[in-house]
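As they're listed, the protein sequences go chains X and D.
Per this note's numbering, the very first residue in the first sequence carries number 22; after that it's consecutive.
Per this note's numbering, the very first residue in the second sequence carries number 22; after that it's consecutive.
For the record, the hints were derived by calculation from the structure and aren't laboratory data.
Watch out, some of these pointers could steer you wrong.
Identical copies look the same in the list; a pair holds intra-copy or inter-copy alike.
[Stated by the list, open to error] Listed next, the in silico DMTMM-like pairs over lysine to aspartate or glutamate satisfying Cα-Cα at most 20 Å (straight line): (1) LYS294 with GLU269; (2) LYS305 with GLU131; (3) LYS286 with GLU211; (4) LYS331 with ASP341; (5) LYS305 with GLU189; (6) LYS294 with GLU131; (7) LYS331 with ASP321; (8) LYS286 with ASP474; (9) LYS528 with ASP376; (10) LYS294 with ASP221; (11) LYS287 with GLU260; (12) LYS375 with ASP486; (13) LYS528 with GLU507; (14) LYS192 with GLU295; (15) LYS85 with ASP426.
Protein chains: 2
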Amino acid sequence: MSMNGAESLVRSLLASKVEVCFTNPGTSEMHFVAALDHVEGMRCVLALHENVATGAADGYYRMKGKPACTLLHLGPGLANGLSNLHNAKKAGSGIVNIVGEHAASHVALEAPLYSDIEGIARPMSAWVHTSHSAEDVGADAARAVQAACLAPGQIATLILPSDTAWNEGGKVAKAREVPARERVHDSQIERAAELLTGPDSLLLLGQGALTEANLERAGRISAKTGCQLLSEWGNAVLERGAGRVRIERVPYPIDIALKVLAPFKKIVMLGAKEPIGFFAYPGKPARLTQAGTELLTLADRSMDLTAAMKALCAATDAQDTAPAHVADAHLPDVPEGPMGPDTFAPILARAIPKDAIVVDESITTGRAFFPATAGAAPHVWINNLGGSIGYSMPNAIGAAIACPDRKVLALTGDGSAMYAPQALWTMAREDLDICVVIWANRSYRILRGELADVGVQNPGPRAMDMLSLDRPSIDFAAQARSMGVEAEAVTEVGAFTAALERGIAHKGPYLVEAIF
Amino acid sequence: MSMNGAESLVRSLLASKVEVCFTNPGTSEMHFVAALDHVEGMRCVLALHENVATGAADGYYRMKGKPACTLLHLGPGLANGLSNLHNAKKAGSGIVNIVGEHAASHVALEAPLYSDIEGIARPMSAWVHTSHSAEDVGADAARAVQAACLAPGQIATLILPSDTAWNEGGKVAKAREVPARERVHDSQIERAAELLTGPDSLLLLGQGALTEANLERAGRISAKTGCQLLSEWGNAVLERGAGRVRIERVPYPIDIALKVLAPFKKIVMLGAKEPIGFFAYPGKPARLTQAGTELLTLADRSMDLTAAMKALCAATDAQDTAPAHVADAHLPDVPEGPMGPDTFAPILARAIPKDAIVVDESITTGRAFFPATAGAAPHVWINNLGGSIGYSMPNAIGAAIACPDRKVLALTGDGSAMYAPQALWTMAREDLDICVVIWANRSYRILRGELADVGVQNPGPRAMDMLSLDRPSIDFAAQARSMGVEAEAVTEVGAFTAALERGIAHKGPYLVEAIF
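Could you build the full structure based on these sequences and the hints that come with them?
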């Protein structure tokens with residue numbers, strides 16, 4: 022069968038089980054777009070900004086465990102999607118970026134849209150390649166998917182000069198094998214089992230160790246050995262809720278984190294890295310553990326963490342011990358009081374439906390949410406691991422496409438929401454079952470704390486003005502409706518509770534703006 | 022006087038005449054923000070997305086002729102602003118980016134927000150440097166401004182580890198001298214004068230040659246020699262309107278461009294590059310001039326173009342010749358007919374007020390605007406030279422801050438507008454005198470033409486769906502109001518005319534959505 026490079030690309034992606042494409046295409050990508058019409062099986066989702074596309078691919082990977090592709094227009098299109106690629110990289114999400122490029126003859130002429138695409142790709146990509154000819158495109162795509170699937174998941178960027186897309190000679194490539202994850206050595210498991218004794222020992226879990234089954238194993242180990250359990254400050258995917266072993270995170274605020282970690286003399290890390298401060302602060306340590314603490318990296322997140330958890334469970338002789346820290350179905354009461362973090366937390370805990378996916382970018386407002394929702398109906402909790410704001414609404418799109426039967430809750434601060442408002446349009450277009458909640462405190466509240474933490478005393482009005490979003494205030498509900506999403510704004514607790522219930526009961530996208 | 026690195030940075034920027042900062046700061050930039058409170062003279066403008074900040078700095082440079090700075094949060098903040106830096110680079114705009122970085126100790130730990138900032142900066146920057154200590158920051162800032170001022174204007178990126186900002190020892194640096202622009206050799210001028218004879222010779226003008234005075238010189242040369250005049254397909258800044266020498270651009274659609282350029286056997290380029298296709302197309306040439314055409318680059322855009330125009334005028338003995346192509350004050354009639362490019366063009370020509378700055382991103386809708394507005398009241402016309410959409414509203418912010426006494430008109434397609442809607446909020450916050458007009462054809466209309474030009478025949482529904490913005494349609498007026506900007510949507514010609522008049526008469530930001 023004769024076909025051009027673009028068609029061989031689509032067919033090769035499909036052969037490697039890449040079945041969703043998040044895109045904002047341009048001229049150089051038109052042959053790929055045209056190929057969609059004669060090849061069945063690729064779901065193509067239009068985004069009005071590339072950071073929505075890359076963020077959606079991140080969310081898709083987290084829930085589906087396999088990569089989607091993005092289709093981006095030249096260097097600037099890739100550049101627009103970089104910050105959510107940064108977040109995806111930090112989360113260990115696998116993504117295949119397809120980036121159009123000028124035909125070789127045109128690159129040499131420095132056309133207006135010419136840029137160094139490989140240079141733009143490299144800081145966020147583990148794998149970067151530019152196709153040389155239509156004949157190569159299919160095989161290059163298979164290698165890109167293989168690279169994206171490498172544990173824990175990587176960013177792979179394939180650059181496609183337009184002549185390699187439109188020339189004939191495309192060949193469909195078969196999927197390439199992905200190497201199995203490395204296993205932890207028995208000697209390491211034994212060493213870890215020795216360290217985990219008593220309440221001054223900590224089992225610190227990260228990505229891949231936070232499934233319901235692995236957390237149950239962690240609960241047994243804790244019950245048997247007396248060790249404590251924590252996860253990193255943020256998790257790519259965490260299964261939690263009533264009946265599951267509950268785990269707290271290392272807190273974000275540095276002084277609290279230091280206090281929480283102070284008691285531990287022995288820390289075993291499984292899928293997690295050594296705890297460090299999110300930022301450096303004058304006069305405060307970068308490493309959050311005490312000097313002299315024994316740290317053992319049992320397995321990094323690219324290894325077979327389930328096998329490691331099973332082996333550790335056996336080595337501590339905990340298999341038949343009832344797990345500790347199982348969350349009961351307790352739902353906290355809603356206290357009397359005004360709109361704010363303390364009232365939002367229990368309302369949220371009561372509202373989270375079974376099997377929901379919570380994509381959390383609540384920043385300061387959400388610091389009370391995690392403990393309060395431990396006993397909510399079983400659900401998945403997703404954090405941003407890269408710290409670049411504007412991840413939650415795009416990520417929710419990908420999660421909703423990966424799991425069409427589950428309710429997605431996107432919780433976001435107002436500052437973060439303004440980083441990717443275009444996501445709402447894609448939610449409406451694809452009729453995704455997402456309830457967005459905007460915590461509208463009308464400031465970059467987190468920075469007010471950070472100012473103090475970096476040693477700025479008594480900031481003046483010009484400094485404070487750079488942290489304020491209330492001049493003018495933004496009407497998020499109107500903004501959502503302008504893009505076809507049903508929305509309401511609420512200013513008091515009863516109305517918020519009712520609005521959240523409506524949003525969750527509604528099938529399709531819905532936005533609740535909580536003004537406080 | 023003892024001060025920290027951040028304060029020495031602000032004071033050194035001011036010493037180098039950098040007086041405006043477009044920013045979205047984060048933790049690592051808090052000392053810079055704090056310094057604003059005890060240093061007078063730096064106007065700090067908050068943007069809710071970094072591409073608004075970088076695009077504003079571009080517009081500011083174009084109208085002010087000197088750089089503003091941006092203040093961006095680490096690698097992801099810089100990444101978010103890259104695509105408008107790409108546009109600025111292509112336009113030859115000078116910008117000083119200040120990008121926060123983790124303290125050195127924290128970089129080594131690969132903190133969540135760690136990324137390769139220099140790697141992210143390099144594709145769009147002519148100058149990149151990371152400060153080593155608080156003592157160096159002031160001198161580094163002076164070098165950054167010098168680099169940004171190098172003709173024609175460059176992107177300079179200074180990376181500031183947070184400890185170099187908070188440590189004491191900052192020193193204020195004096196401004197560094199910017200080398201004068203290179204002059205064109207007399208022999209070249211003579212060669213150019215020889216080539217410019219008769220209607221098969223073309224004087225192709227680019228950036229710096231498009232001031233009112235230089236265009237008048239071009240008009241004299243044309244009258245004297247019979248040469249034709251054209252500018253590049255887009256111009257960084259063009260002074261035009263009734264009473265000024267009028268110049269057409271090389272058209273964007275490749276077949277029309279080839280036809281327009283076909284007659285010329287001799288082309289003298291001054292501030293312009295050889296005409297090439299915006300994209301490569303199968304079976305069509307990359308270079309738009311005929312084989313055998315004699316091409317002379319008289320001066321690239323970094324040289325002293327005013328001196329070159331004067332010398333060329335003298336060498337052709339045209340100083341006393343009355344200029345050809347002077348635009349008369351003719352305003353075309355508005356034809357009967359529905360809303361569309363043909364009715365918009367004359368309405369716009371009649372509405373443009375004297376001294377207005379038109380930032381044009383009208384794409385397909387605007388192809389008829391340029392000839393129709395040649396006789397409008399004298400104004401400045403600004404194009405996007407990098408082709409990355411979402412430039413016009415951010416650019417308009419910078420132009421309005423550079424020229425507070427002039428009306429700015431930002432004309433944008435709907436697809437482009439959705440790339441940087443956050444710009445509206447900054448317009449409201451700063452009460453900028455900008456009238457935004459959105460051409461809402463509810464599609465990426467340009468790509469429908471591009472599909473055919475790259476050889477895709479009969480695109481099917483899945484392809485066409487990727488080019489459509491009407492599912493759902495976007496209510497741009499409501500979106501603008503949600504960010505504090507007065508707005509109205511219109512669907513017929515009379516209403517559009519009245520709305521545009523209201524928008525222009527209104528002091529402050531106003532948005533007109535033209536639905537057609």
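Evaluated hints:
1. LYS294 with GLU269: Answer is within; shortest intra-copy Cα gap is 16 Å, inter-copy 60 Å.
2. LYS305 with GLU131: Between copies only: 17 Å across chains, 48 Å inside a chain, cut-off 20 Å.
3. LYS286 with GLU211: Classified as within; 18 Å inside a copy, 82 Å across copies.
4. LYS331 with ASP341: Answer is within: at 12 Å inside a copy they meet the 20 Å cutoff, but 92 Å across does not.
5. LYS305 with GLU189: between (61 Å within a copy, 17 Å between copies)
6. LYS294 with GLU131: between (43 Å within a copy, 10 Å between copies)
7. LYS331 with ASP321: within (16 Å within a copy, 68 Å between copies)
8. LYS286 with ASP474: Intra 27 Å, inter 67 Å, cutoff 20 Å: neither.
9. LYS528 with ASP376: within (15 Å within a copy, 52 Å between copies)
10. LYS294 with ASP221: Classified as within: same-chain Cα gap 19 Å, cross-chain 69 Å, threshold 20 Å.
11. LYS287 with GLU260: neither (26 Å within a copy, 71 Å between copies)
12. LYS375 with ASP486: neither (41 Å within a copy, 34 Å between copies)
13. LYS528 with GLU507: Within. Shortest intra-copy distance 11 Å satisfies the 20 Å Cα cut-off; inter-copy 33 Å does not.
14. LYS192 with GLU295: neither (46 Å within a copy, 37 Å between copies)
15. LYS85 with ASP426: Only inside one copy: LYS85 and ASP426 sit 13 Å apart there, 55 Å across copies, limit 20 Å.
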